[in-house]
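Protein chains: 4
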Amino acid sequence: MIRAGIIGSTGYAGGELVRILMGHKDTEIKWYGSRSYIDKKYADVYQNMFQIVDDICKDDNMEELADKVDVIFTATPQGFCASLLNEKILSKTKVVDLSADFRIKDQRTYEQWYKIEHKSPQFLDEAVYGLCEINREKIKGARIVANPGCYPTCSILSVYPLAKEGIIDMNTLIIDAKSGTSGAGRGAKVDNLYCEVNENIKAYGVAGHRHTPEIEEQLTYASGVPTVLNFTPHLVPMNRGILVTGYASLKKEVSYEEVKAIYDAYYKKEQFVRVLEKDVCPQTKWVEGSNYVDVNFKIDPRTRRIIMMGAMDNLVKGAAGQAVQNMNLMFGLPENEGLNLVPMFP
Amino acid sequence: MIRAGIIGSTGYAGGELVRILMGHKDTEIKWYGSRSYIDKKYADVYQNMFQIVDDICKDDNMEELADKVDVIFTATPQGFCASLLNEKILSKTKVVDLSADFRIKDQRTYEQWYKIEHKSPQFLDEAVYGLCEINREKIKGARIVANPGCYPTCSILSVYPLAKEGIIDMNTLIIDAKSGTSGAGRGAKVDNLYCEVNENIKAYGVAGHRHTPEIEEQLTYASGVPTVLNFTPHLVPMNRGILVTGYASLKKEVSYEEVKAIYDAYYKKEQFVRVLEKDVCPQTKWVEGSNYVDVNFKIDPRTRRIIMMGAMDNLVKGAAGQAVQNMNLMFGLPENEGLNLVPMFP
Amino acid sequence: MIRAGIIGSTGYAGGELVRILMGHKDTEIKWYGSRSYIDKKYADVYQNMFQIVDDICKDDNMEELADKVDVIFTATPQGFCASLLNEKILSKTKVVDLSADFRIKDQRTYEQWYKIEHKSPQFLDEAVYGLCEINREKIKGARIVANPGCYPTCSILSVYPLAKEGIIDMNTLIIDAKSGTSGAGRGAKVDNLYCEVNENIKAYGVAGHRHTPEIEEQLTYASGVPTVLNFTPHLVPMNRGILVTGYASLKKEVSYEEVKAIYDAYYKKEQFVRVLEKDVCPQTKWVEGSNYVDVNFKIDPRTRRIIMMGAMDNLVKGAAGQAVQNMNLMFGLPENEGLNLVPMFP
Amino acid sequence: MIRAGIIGSTGYAGGELVRILMGHKDTEIKWYGSRSYIDKKYADVYQNMFQIVDDICKDDNMEELADKVDVIFTATPQGFCASLLNEKILSKTKVVDLSADFRIKDQRTYEQWYKIEHKSPQFLDEAVYGLCEINREKIKGARIVANPGCYPTCSILSVYPLAKEGIIDMNTLIIDAKSGTSGAGRGAKVDNLYCEVNENIKAYGVAGHRHTPEIEEQLTYASGVPTVLNFTPHLVPMNRGILVTGYASLKKEVSYEEVKAIYDAYYKKEQFVRVLEKDVCPQTKWVEGSNYVDVNFKIDPRTRRIIMMGAMDNLVKGAAGQAVQNMNLMFGLPENEGLNLVPMFP
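Chains as they are written, first to last, in the numbering used here: chain A, 8 to 353; chain B, 8 to 353; chain C, 8 to 353; chain D, 8 to 353.
Simulated from the structure, these hints should not be mistaken for laboratory data.
One thing to keep in mind: the hints can contain errors.
All copies of an identical chain are treated as equivalent in the list; a pair is satisfied when it fits inside any one copy or across any two copies.
Okay, derived cross-link-like pairs now, SDA-like style, lysine to any residue, Cα gap no bigger than 25 Å in a straight line [claimed, not checked]:
| hint | residue 1 | residue 2 |
| --- | --- | --- |
| 1 | Lys37 | Ile96 |
| 2 | Lys99 | His31 |
| 3 | Lys259 | Ala214 |
| 4 | Lys285 | Val197 |
| 5 | Lys258 | Asp307 |
| 6 | Lys48 | Lys196 |
| 7 | Lys305 | Gly231 |
| 8 | Lys305 | Trp120 |
| 9 | Lys285 | Arg309 |
| 10 | Lys112 | Pro308 |
For reference, chain A alone in the conformation it holds in the complex (with noise of 0.2 Å):
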């Protein structure tokens, strides 16, 4: 039995690992973190989880921690982690990092984005970013893991492929994602209010989100070619879900059949990342409260651009459920374990 402890588990994403993890069946959750409501009941936080979870909120100790349990996930505000980490705990318990803090190899990058400087820089190189799909093998080994951002996880997958095959032109891409409201997380700010955002939708951090430079890292490794693109984030009035529709100019051209199979190429054998058929829109309800991401492509004949989509649960794929495809890598647990869920509809 894995003993986990959870630091923000009082978050949105805090919250969806406790919900996943009472359904995996080689795992036990021993901290309830939240600096918010230490010595509260858990359940009385989320209210939800009444006579199915009894404990107790606890600080944020990351070394006492460390003595207690086999894994450390951390869904809390970037710096938090790199602030704590060291080698000490690292050589009692694993990471998974939920937060942005080991996502970017590149420090000098991590600060100029986020604003803030990079505590553990030591750690950067072994850090391993924790897209399954894709770093699989390498996870399998890793101490820590950089949970992939919830944007750049649909992102990324939706464009990977062709990315990676050199199909498009990357310095055509743009990005235009929309989210649902859980994404902006639990505080209590005027912005994120049912009145403000309910029958609302707005882009935002325009030319300027902070998932900028994690999909661009991680698609010039695909491409091999040095990528900067237009990521535009949308505030989307649904609780859960990413959509993200992607554009890009093709190199060549291609037919539907040629790029159907290199996504299958890919993606066939990974339980998932589903290639939906064609004509199919992926929808955000189709996957909802599921790990899976749905994928689909169109081509444009008319102006040679290829629109490329995913559909994601932002707390599922996007946070707590790859943090758990993660930690089962890392245990050598099957993949999926805990993680067959349905998606939920409607």
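Starting from the known structure of chain A, arrange chains B, C and D on it as the hints suggest.
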């Protein structure tokens, strides 16, 4: 392995049954009945099931089905099950009917409220009203179970202990219920379009909703007093969830502790009924996707009434989840097999 | 031209007041009070007012304001208006208080339910309860009008004719109300975040909501019978709208036509109260953005009760619209000036 | 007093036209056409109009109508207006066609994208594309105005100044649009049911939406460069609103101030196009119920692209509001008569 057949598998309740049975380790769905989509791939109707369900939709032939499966779920409009059921079918297979056909023991009441002739009154006595927490023992031996209506499940479970213990004056009982829109089904009607339901709330079926006699009959059994009540459902802009607010006069002065003790006596051992802590009001979101009913109450000394509240997912405990719970009882399986669904939040 | 000042102009009710007064041809807003946003452009707080309102938010100085305007609207928390009001202010300007400070005539009841000391009890007698359809004549001469609460407006207007005419047994009255989330205000609270409210419904303030004594007092006046009732509000995932479902026992048998005649007698000449046609249930969407209250009823011969229903926009007739209606009466303007707002659908 | 007739008055755009014309002091609606509801009270179809509109729905006879009204609005599916229009009608009355029939000057393009034969190509030259801010003078003298599509209105107005001034490379233009569900009409379709749209987002009509050639044609006129672009609409769970996010490469380096000056040059005098302040992203909620289009832009020096954004109410500026604006121009009325609608928030 129990072989299951679902008639009406492409309605919302039918779809939920598929979702739940996917996680049931002792059941295999052998028949996806859907009159509207015969020969179409099930996953083309419900894209969330892509790469999960590969089957094709079939017609409604109950006799043929009886030869192939151990249990038939009929998630069909009223009249369907009653019109096809016969002794031969019941001799071969068990039936869980999610429609209203066998819920009301009094044939005349059924015919009056549903405005159709009952085609199988001979099974009315035999059919067991499948409210598991109340009729558990009878369900175990049943060949045919009438799966309770969504509103009645939530209403009865919220009121039952007080009705049974004679705490409330049954002549004063009023139930004001609020339901998400999936309860209205998947038929293409203007009234259920997004733009008509969103940002809107209304009562409907006032003083005439068909779930009224079902609630009355069960509460009459519970209280021993002929119960006639007001039941008013409302349509709420959300996909899932039923909230019930019940009002009744107290027959004598009682304390919070006394009433709490009564609820606990009935539900403490019940996994799927959670009696919340003092002053915590049930919320539909806290039970979404799960088989729980959350109940609580508040005594109002000013009016000498008690307010009883219940929250539930209409498609799970109010339909498919309870149907599986009934199946588990009928087949001697653990009652919660496939039903340890953790509520999804947010 | 009436010069108006609004204190609390950046709350939802204050913002709605601005919207409505923009279309009022005899009024000019001279003061946008907002303690939280002093010196900030109003249109930076409410971007919908960009290029419509150019003013800057000011502080709360009622004395200064009294010198500059003909009417002050206080859209502020309870206690504010009562703590600042004095004879000098009232000698210079009229006041429409959107808070609860002067709604309840009985000081002790106010202090008990609102748990604060009343700082201006000397004006309680003078203040007129501004339910225009009922107190029209008194409002015309008033210096200070207590603008009714949102729930009370809808509740009282739905029940009033039957209470007044002695048709219902006031001891049996139960009001089950449902409100959109703007009623909860614009404060940054976790409970009102999009993800907490969306796909959710709950009761709150059960047997203790502060609008209860306000409804009771007015219905006591109407019926001549000391009225104690159950009032249960619910939070619904929509921005605007209140729906009220009231239940009471009939004192004697009445026909649909008789009751309809009573409602018509009270409301036929009222522009803002629409008695719907037989069997049409009020829906909040049908009144959104307008000053209408739609009411209707259904007699249930089985229980000898009558179900009374009302729908209203909580920010218009439930707050800002009624405040303007009161102002019109106080200044001898046509009662509907600025209020011929056609409901927006969808 | 202008006498107006509306064909298709019970669709969402038709209903909005009624709402707006109710507040237009120089117009009287003489004909509520609705093929689906002939002889039914208009207010029975749209209960919000109860006691506001007393008329009965009539059929679609354009010839009869031409004798009775000064202007006909056709809020009908494509093909309808073109199939009935003739010289006799136009000699008696003006026509504002809200369908696509006369928007595209090139008959072949129309027939190719709409897959129907054009029945009145003889009026294609005469018809004026009714984007008021751009074709104002032509509209004034027109007998027939083609009211622009909702997506094109928002897309073109967001991009127009930069296309016209040659700032952007028209070959790189990509428009990613998001629309509320009222854009899908009031037809009873499963895809538009509440439960299918709520908590969901999807792209549709990818690389094939019919508004594409309309946008391309207008931007070709504006830029003088044959423009072929990608246009991808998305369905968003909200009633109203369109948000457009456009991407294009800059032909040369420009500063924020230079671009702002261009937008201001085009729109400063326009009441209904608001160029927002720096870094403020348009939100659909800030324009809801009004005739405004809010636009803004962001230069991304990293990719040398500019992101252009626009937000609008699809039923107002995107349909009925613009139709009234066109009518005002055609009849020599103040352009904003009936259109000083303050956006409703929240």
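How the hints compare with the structure:
{"no.": "1", "hint": "Lys37 - Ile96", "result": "within (16 Å within a copy, 51 Å between copies)"}
{"no.": "2", "hint": "Lys99 - His31", "result": "within (22 Å within a copy, 37 Å between copies)"}
{"no.": "3", "hint": "Lys259 - Ala214", "result": "between (28 Å within a copy, 18 Å between copies)"}
{"no.": "4", "hint": "Lys285 - Val197", "result": "between (42 Å within a copy, 21 Å between copies)"}
{"no.": "5", "hint": "Lys258 - Asp307", "result": "both (13 Å within a copy, 24 Å between copies)"}
{"no.": "6", "hint": "Lys48 - Lys196", "result": "both (24 Å within a copy, 20 Å between copies)"}
{"no.": "7", "hint": "Lys305 - Gly231", "result": "within (24 Å within a copy, 29 Å between copies)"}
{"no.": "8", "hint": "Lys305 - Trp120", "result": "between (32 Å within a copy, 18 Å between copies)"}
{"no.": "9", "hint": "Lys285 - Arg309", "result": "within (19 Å within a copy, 35 Å between copies)"}
{"no.": "10", "hint": "Lys112 - Pro308", "result": "between (37 Å within a copy, 23 Å between copies)"}
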